[in-house]
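Model the placement of chain C on the given structure of chain W, informed by the hints.
First to last, the protein sequences are chains W and C. Mapping to this note's numbering: the first sequence position 35 is 35, numbers consecutive. Mapping to this note's numbering: the second sequence position 80 is 80, numbers consecutive.
Incorrect hints may have been included.
[What the hints assert, rightly or not] Only pairs whose alpha carbons sit at most 20 Å apart, straight line, appear in this in silico SDA-like list of lysine to any residue:
1) W:K82 - C:A135
2) W:K82 - C:K88
3) C:K88 - C:L34
4) W:K107 - C:T80
5) C:K158 - C:C140
6) W:K110 - C:K67
7) W:K88 - C:C137
8) C:K67 - C:A84
9) W:K88 - C:T142
Please keep in mind that the hints were generated in silico from the structure rather than gathered at the bench.
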Amino acid sequence: MANKFTYSRKFIFSPLLLVALVFSVAGSNAQAATPAEQLAGYTAQAGTPAQPAKGQQLFTTRHGKEWSCASCHTATPTVEGKHASTGKAIGPLAPAFNAERFTDTAKTEKWFRRNCNDVMGRECTPGEKADVLAWLLTLKR
Amino acid sequence: MTHSFCKSIVFAGWLAACAVTANADSASPVVTPLPVYKQECAACHLAYPPGMLPAASWQRLMGSLNKHYGTDASLDKVVTQDIAGWLKANAGTYKRVSEEPAQDRITKSAWFLRKHRDGEVPADVWKRASVGSPANCAACHTNAAQGSFNERDIKIPK
Numbered sequence: 001m002a003n004k005f006t007y008s009r010k011f012i013f014s015p016l017l018l019v020a021l022v023f024s025v026a027g028s029n030a031q032a033a034t035p036a037e038q039l040a041g042y043t044a045q046a047g048t049p050a051q052p053a054k055g056q057q058l059f060t061t062r063h064g065k066e067w068s069c070a071s072c073h074t075a076t077p078t079v080e081g082k083h084a085s086t087g088k089a090i091g092p093l094a095p096a097f098n099a100e101r102f103t104d105t106a107k108t109e110k111w112f113r114r115n116c117n118d119v120m121g122r123e124c125t126p127g128e129k130a131d132v133l134a135w136l137l138t139l140k141r
Numbered sequence: 001m002t003h004s005f006c007k008s009i010v011f012a013g014w015l016a017a018c019a020v021t022a023n024a025d026s027a028s029p030v031v032t033p034l035p036v037y038k039q040e041c042a043a044c045h046l047a048y049p050p051g052m053l054p055a056a057s058w059q060r061l062m063g064s065l066n067k068h069y070g071t072d073a074s075l076d077k078v079v080t081q082d083i084a085g086w087l088k089a090n091a092g093t094y095k096r097v098s099e100e101p102a103q104d105r106i107t108k109s110a111w112f113l114r115k116h117r118d119g120e121v122p123a124d125v126w127k128r129a130s131v132g133s134p135a136n137c138a139a140c141h142t143n144a145a146q147g148s149f150n151e152r153d154i155k156i157p158k
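Extracted from the complex, chain W is given alone in its bound form:
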């Protein structure tokens, strides 16, 4: 038999759960996602299929500034790279050669934001990110 408590539980609990879920996802800094999932995300945002060849070109050319992506990551990032200024070793960027790469969307976004700014003087578009990631995923053992 329904009473006033049954009603209020139903109407309070599920919205609360939904809100909690939203906050937990929105508030967390690390968000696990595979490289393929991240590529799908960028492709969807771009609205066009990713083009690995374009990604390779973007990665290995300079865009009006001192560095290209390859300046630190090497032209074929299946090997360790080196920071162009500090000399610090940088692990391979291609996911097939480094299991950590592109497994955390917040981390991916942070590095794209900063490094595209350094290389291109602006943010990379979702299409550019998709192209680069698609190319990196073609680099296999």
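Relative to the frame of chain W, chain C by itself:
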């Protein structure tokens, strides 16, 4: 009995102080790096010991991460505040770290320049590919990543 007990306590205290400073450079204590400091800042370079710069220098650096010695090193607001707070709390207060060096660079501090002067470190060392720049402490200071700059551990690469 009381006298020798006091002496043992003093001796034990002195031994402990030696243990704490054994790894350190003669003037600065070793501070365990804040995990997020190491994670974010050591991505590109050594997690420089906070005691190597005065608080004012750290404050300026943390307020201009998007223009960090030629690159964009910006972080989200919460992380920036966490790191900035820790750096301020652990900044150098010893006399030799009271100056704010040019461009807030550790490598332009008077103490750094004196310790690495030509008579100590030949000028050509800085040009070697294995070294790269004075900011690359770990090239010669083999325990720099552990916060130790003890002279015994120095190996200048070819």
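Against the structure, the hints come out as follows:
{"no.": "1", "hint": "W:K82 - C:A135", "result": "15 Å, holds"}
{"no.": "2", "hint": "W:K82 - C:K88", "result": "30 Å, violated"}
{"no.": "3", "hint": "C:K88 - C:L34", "result": "12 Å, holds"}
{"no.": "4", "hint": "W:K107 - C:T80", "result": "15 Å, holds"}
{"no.": "5", "hint": "C:K158 - C:C140", "result": "10 Å, holds"}
{"no.": "6", "hint": "W:K110 - C:K67", "result": "15 Å, holds"}
{"no.": "7", "hint": "W:K88 - C:C137", "result": "11 Å, holds"}
{"no.": "8", "hint": "C:K67 - C:A84", "result": "16 Å, holds"}
{"no.": "9", "hint": "W:K88 - C:T142", "result": "14 Å, holds"}
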